[in-house]
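Asker: Residue-level listing of the chains:
Number of protein chains: 2
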Amino acid sequence: MFSGFETYIKEQANLNDHEVQLMRSMAVERSLRRREFLLQQGQVCRYKIFITKGLLRAYSAGGDGSEHIVQFSPENSWITDPESLDKGSPSNSNIDALEPSEVVLWTKKDLHYLAANIPGLKAYFDKLISRSSYMFRQRLLSAISLTAEEKYEEFIKKFPHLLERVPLHMVASYLGVTRETLSRIRRTQLIRK
Amino acid sequence: MFSGFETYIKEQANLNDHEVQLMRSMAVERSLRRREFLLQQGQVCRYKIFITKGLLRAYSAGGDGSEHIVQFSPENSWITDPESLDKGSPSNSNIDALEPSEVVLWTKKDLHYLAANIPGLKAYFDKLISRSSYMFRQRLLSAISLTAEEKYEEFIKKFPHLLERVPLHMVASYLGVTRETLSRIRRTQLIRK
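Quick note, the sequences are listed as chains Z and P, same order. Mapped onto our numbering, the consecutive letters of the first sequence carry residue numbers 75 to 267. Mapped onto our numbering, the consecutive letters of the second sequence carry residue numbers 75 to 267.
Keep in mind that a hint or two might mislead.
Since the list gives no way to pick one copy over another, a pair counts as held whenever it fits inside one copy or between any two copies.
[As the list claims (entries may be wrong)] List of simulated lysine to any residue pairs, SDA-like, C-alpha gap at most 25 Å: (1) K122 to E223; (2) K182 to Q212; (3) K161 to F233; (4) K232 to D200; (5) K84 to E224; (6) K84 to T255; (7) K84 to K161; (8) K161 to G116.
Just so you know, the hints here were simulated from the structure itself, not pulled from any lab data.
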C-alpha cells in the first residue's frame, strides 16, 4: 500500500528518498472491508488518511437516520475530519469505506513531526489545506446558488467516474437534494436524450 | 486605521514591534463608501483585506440578477477571494462594503514577503486558512443538511449582531433560501413568541 502512496507523493511534493523513508517509518497500513468505519461521529479524529485503493466517504448522520455526505475520497486522495484532528474535539462526521479499500494513515503527532522536519511536505500540506478550503467555498456557493439540476450537472462534470461507483441516493445526499428530486432530474435528462 | 489592525494582530499573533512596523510599511489604508467595490467578479483578486471598521461582503451574482452571499466580514475580520489571489485566476465573486468602512490591505507579493520574514505571521495565516476551511466545511454541511428554519436559527446564534446590520433579503441570500421562505419563518417565530 505504501508504494501507491510513494508514487503519488513523489509526483506531488518535492521529497528525497530519505524523507519518503521517514514517512514510511511512521505510516500505518490498513485494509478496509466495505462499510468498515475509520471514524464515528462523536469520536476524536486521530488520523489523516490517504486512500491508495477503493473509495471512502465522510458523512454526518441526522437524528432521523438521514445521511449528509461531506466528501467522497477515491484512490489518490486524502480524508480526515480536519477540525477534530486539529483541535482534538469530537467529530461531527463519520468516515467509512464504500468499497473494499486500502489506506495509509498517520497520527496527528507523527504528521506534526514529519511536517516540521520535511519542508517539502509542509509546503505540500499547506497547498492541500488551501485547495480543500477553495473546494468547500466553491461547493458552498454551488449549494446556495444552483438549482438541483445544475448541482447534478456540476457533479457529473467534476466526478464523471463516481457516478458508476456510488448509489444514487448517496449522490443526492452529497448534493443536498432529495432522492425523488434527483430521480426526476435523471428521468428528464433521459427523455431529452 | 492601522492602529485598529495593530491592536488586533498583537492579540492574535506573536509579533514584535519591529515586525508590526514592517507590516505597517506595506499596508494600504482605504476608506470605503457604502456599496463601494474592492473586487468585481471576473477580475483577479489582488489583495487580502482586513476590516477595521464597518462591514464588507463577498457575493456571487447570477445572470438573472440574483446575489449569493459567500461571506459577511465585520470589523476585525479578513476578506479576500483566496483562490483568485493565490492562483491569479478571475474571481467568481464581488467584494463590496455594506456600510461606510475602513480597511487595511496588502498585495499578494507583500503578503508573501511578510509571511516569509515573520514566522509568527506565517503561523497566524496558517491558522486563519485552517479556520476558514473548517468554517466553509461546516457551512456546507449546514447547507445540505438543515431545514431553512434550522439554517436561520444557526445564523442568529452565530451572528447575533449581524441581523441588525444586514437587510433580510441578504440573510436569505447568505442562507440560500428565498426571501419568502425567510419571511414565513420569521412570522412563525413571532407568533410562537
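Asker: Against each hint, give a clear statement of whether it holds in the structure.
Answerer: Results for each hint:
With identical chains, the CA atoms of K122 and E223 are never at most 25 Å apart, being 33 Å at best within one copy and 34 Å at best between copies. Only between protomers do K182 and Q212 lie at most 25 Å apart by alpha-carbon distance; the minimum there is 21 Å, versus 27 Å within a single protomer. Taking identical chains as interchangeable, the C-alpha atoms of K161 and F233 lie at most 25 Å apart only when they sit on different chains, with a minimum of 22 Å there against 31 Å within one chain. Taking the closest pair of Cα atoms, K232 and D200 come within 25 Å of each other only inside a single copy of the chain (23 Å); across copies the shortest separation is 28 Å, beyond that limit.
When the C-alpha separation of K84 and E224 is checked against a cutoff of 25 Å, the pair qualifies neither within a copy, at 36 Å, nor between copies, at 45 Å. Taking the closest pair of Cα atoms, K84 and T255 never come within 25 Å of each other, the shortest separation being 43 Å inside a single copy and 51 Å across copies. Taking the shortest Cα distances, K84 and K161 sit within 25 Å of each other only across copies (22 Å), while inside one copy they are farther apart (29 Å). Taking identical chains as interchangeable, the C-alpha atoms of K161 and G116 lie at most 25 Å apart only when both belong to the same chain, with a minimum of 13 Å there against 36 Å between chains.
Of the numbered hints listed earlier, those contradicted by the structure are 1, 5, 6.
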